[in-house]
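Take 1 as the starting number for the sequence shown in the numbering used here and just add one per residue.
Be aware that a few hints might be false.
[Stated by the list, open to error] Straight-line C-alpha distance at most 20 Å; calculated SDA-like pairs for lysine to any residue:
#1 LYS84 <-> ASP121
#2 LYS65 <-> GLN143
#3 LYS59 <-> GLN143
#4 LYS59 <-> PHE20
#5 LYS40 <-> ARG5
[Claimed, not checked] Listed next, with one range per pair, are the computed distances between beta-carbon atoms:
#6 ASN79 <-> ALA21: 19 to 27 Å
#7 MET54 <-> ARG157: 31 to 39 Å
#8 GLU58 <-> SER111: 34 to 42 Å
Please keep in mind that the hints were generated in silico from the structure rather than gathered at the bench.
From the three backbone atoms N, C-alpha and C, an ideal C-beta is built for every residue, glycine too.
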Amino acid sequence: MNIDRQELVRQAKKGSTQAFAALYEEIYMDLYRFAFYTMKQPQDAEDAVSEAVMTAFEKIGMLKKADAFKSWMFQIVVNQCRKKLKQKERQQQLGQEDEPYLAADPGTTLSLREAFEQLSDQERMIVALSVFGGYRSGEIGEQMGLPAPTVRSKMSRAFQKMRRFLGEEESI
Numbered sequence: 001m002n003i004d005r006q007e008l009v010r011q012a013k014k015g016s017t018q019a020f021a022a023l024y025e026e027i028y029m030d031l032y033r034f035a036f037y038t039m040k041q042p043q044d045a046e047d048a049v050s051e052a053v054m055t056a057f058e059k060i061g062m063l064k065k066a067d068a069f070k071s072w073m074f075q076i077v078v079n080q081c082r083k084k085l086k087q088k089e090r091q092q093q094l095g096q097e098d099e100p101y102l103a104a105d106p107g108t109t110l111s112l113r114e115a116f117e118q119l120s121d122q123e124r125m126i127v128a129l130s131v132f133g134g135y136r137s138g139e140i141g142e143q144m145g146l147p148a149p150t151v152r153s154k155m156s157r158a159f160q161k162m163r164r165f166l167g168e169e170e171s172i
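Could you put together the complete structure from these sequences and hints?
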């Protein structure tokens, strides 16, 4: 992390909304991509990221190392996504309908999105943290409370599922 970002974190800890916004803007797209692929719905992803940002701003004083800002933010987004997925699951169990699927990322092919949706919530979270967050299995394991070898095997199986799905799509 460069000196400027360290200074921004220091200022954000003192309550500067401008400093916090500058830090957030650097990582927004990574946070949103992760949330979108985890939540599957653009509005749910926006909600998760927005709530995570509010939580982070309120708790920025708890951040111990300035260079850990990105991973700290990702952890908050992960927690928000988990919370929202649990709420969604409860709603579905009560028989409430989900909103229709809305495509928000035109750069991503529909078949890749469909392959991603074949994964379990946990597999989606692992793949998204790896692909969009750039985290290694040990870091993902820490965030999710799983051993690194378990993360690696789940990630491998998730990619195999996606490859199988995409292979089946091409043969149709």
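Hint by hint, here is what the structure shows:
Note on LYS84 and ASP121: the hinted pairing holds, with a Cα-Cα distance of about 11 Å set against a maximum of 20 Å. Of the supplied pair hints, the one linking LYS65 and GLN143 holds, its CA atoms being roughly 16 Å apart against a limit of 20 Å. At roughly 18 Å between alpha-carbon atoms, LYS59 and GLN143 fall within 20 Å of each other, so this suggested pair holds. A distance of roughly 11 Å separates the Cα atoms of LYS59 and PHE20; the hinted pair therefore holds under the 20 Å criterion.
Pair hint LYS40 plus ARG5 does not hold up; C-alpha atoms about 31 Å apart against a cutoff of 20 Å. Between ASN79 and ALA21 the beta carbons are some 21 Å apart, a value that agrees with the proposed interval 19 to 27 Å. Range check, MET54 to ARG157: Cβ separation about 35 Å, and the 31 to 39 Å hint holds. Take GLU58 and SER111: their Cβ atoms lie about 40 Å apart, and the range 34 to 42 Å holds.
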